[in-house]
Amino acid sequence: MTTTGNGCRIAVRFEPDWPAEELPEFARWVEEHGFEELWFSEDLGWSAGLVMAATALAHTRRLRVGLGLVPAVSRNVSTLAMEVAALARLAPNRLTLAIGHGVPAWMERVGARSKTPQAALEETVVALRALLAGERVTTKGRHVRLDDVGLGFPPATIPPILIGTTGPQGLRAAGRSSDGVVLPEVCTPAAVRWARATMNSEGAVVVFAMLNVSDDASEALAQTRSKMLPILDLGIYPRMTEIAGLSDGGNTLTDATLQSMAAAGTPADCARAIGDWAEAGADRVVLIAGGPDPRAIYERLARDVLPLVPTAS
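So for the sequence shown, UniProt numbering puts the first residue at 1; every next one is plus one.
In short, the hints are calculated from the structure, not lab data. Warning: the hint list may mix true and false statements.
Unchecked claim - Here are the simulated EDC-like cross-link-like pairs (lysine to aspartate or glutamate), alpha carbons at most 20 angstroms apart as the crow flies:
no., residue 1, residue 2
1, LYS227, GLU185
2, LYS227, ASP255
3, LYS227, ASP17
4, LYS227, ASP293
5, LYS227, ASP216
6, LYS227, ASP43
7, LYS227, GLU15
8, LYS227, ASP269
Claimed, not checked - The calculated label-pair distances, taken between Cβ atoms and stated as ranges, are:
no., residue 1, residue 2, range
9, GLU15, ALA268, 23 to 29 angstroms
10, ARG193, TRP18, 30 to 36 angstroms
11, ARG193, GLU299, 27 to 33 angstroms
Using N, Cα and C, we set each Cβ at its ideal position, and we do this for glycine too.
With the sequences and hints as input, model every part of the structure.
Following this line, the structure appears as structure tokens:
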């Protein structure tokens, strides 16, 4: 079991730019090493997230699968509902789905960028949950328009539907319309506390975080910094970076600040970071290998870090 004493699950992620044919063996490895969850994202031009989630579920027995973020504007919500319903029926209680805006530049490139992204996100989540609940849905929103649409095979149990967002408006939407929130790889423990308070609900808080485990903390930090700076340079997480003390940009990313938003350094450093997110109120920490040998990093996580996480069992 990879759960802290606070009840926070520790998961890992299969990256979208890894070859799809490597997934079956990796998913089995994740399950065999005691991890409860494996997550996927869906990035433009790489492996399709729902296909990868289905593959992981088919090649494991107990492993839970998380998919996020799926862009709200990349497919019609009725199509998304059909896909999610099928997965939820094939693997009951093993799927979590997170919906996001999509990277604006990517959505622009495929002609899917919404003029009302917040409305598109919340309308998609509301309609998706209704369809999965077996309702016939008629709605005429700013983004979602359905006329008496329903599913032939809704799932017996609706999987958790989360929203990926970081701003106050999005967090309030997550609190009223979803089962929780996914926070990005620039999230400090202080940001977890702020997000939970702003969401103002009992919904789940999932934290994505970079992971780099090494006996040489300086090497791990240097590699993680090279991964983190491009994310910060996107400039799409202003409240998260402000909370981290980086409102003037990523060039001031000190080791201390980096270690507040990433599990990077020695095994003890990484265990402490995971414990801090859990203590702040995270329900799941999804760790993303941030070094040149992801499998080796995950092996060290299982072997050297998890035994040090407070009251992990």
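Now for the hints, and whether the structure bears them out:
1. For the hint pairing LYS227 with GLU185, the CA-to-CA distance comes to about 10 angstroms; that is within 20 angstroms, so the pair holds.
2. Simply put, LYS227 and ASP255 have alpha-carbon atoms about 14 angstroms apart, close enough for the 20 angstroms limit, and the pair holds.
3. Simply put, LYS227 and ASP17 have alpha-carbon atoms about 14 angstroms apart, close enough for the 20 angstroms limit, and the pair holds.
4. Between LYS227 and ASP293, the direct Cα distance comes to roughly 14 angstroms. Compliance with the 20 angstroms bound is thereby established for this hinted pair.
5. Annotation: proposed proximity of LYS227 to ASP216 holds, straight-line Cα distance about 17 angstroms (limit 20 angstroms).
6. Of the pairs offered as hints, the one joining LYS227 and ASP43 holds, with about 16 angstroms between alpha carbons and a cut-off of 20 angstroms not exceeded.
7. At most 20 angstroms may separate the alpha-carbon atoms for a hinted pair to count; LYS227 and GLU15 meet this at roughly 14 angstroms.
8. The straight-line distance between the Cα atoms of LYS227 and ASP269 is roughly 18 angstroms, inside the 20 angstroms bound, and the hint therefore holds.
9. For the hinted restraint 23 to 29 angstroms between GLU15 and ALA268, the CB-CB distance of approximately 26 angstroms keeps it satisfied.
10. Between ARG193 and TRP18 the Cβ separation comes to about 33 angstroms, which falls inside the hinted range of 30 to 36 angstroms.
11. Taking the beta carbon of each, ARG193 and GLU299 are about 32 angstroms apart, inside 27 to 33 angstroms as hinted.
Every hint, counting from the list given before, is met by this structure.
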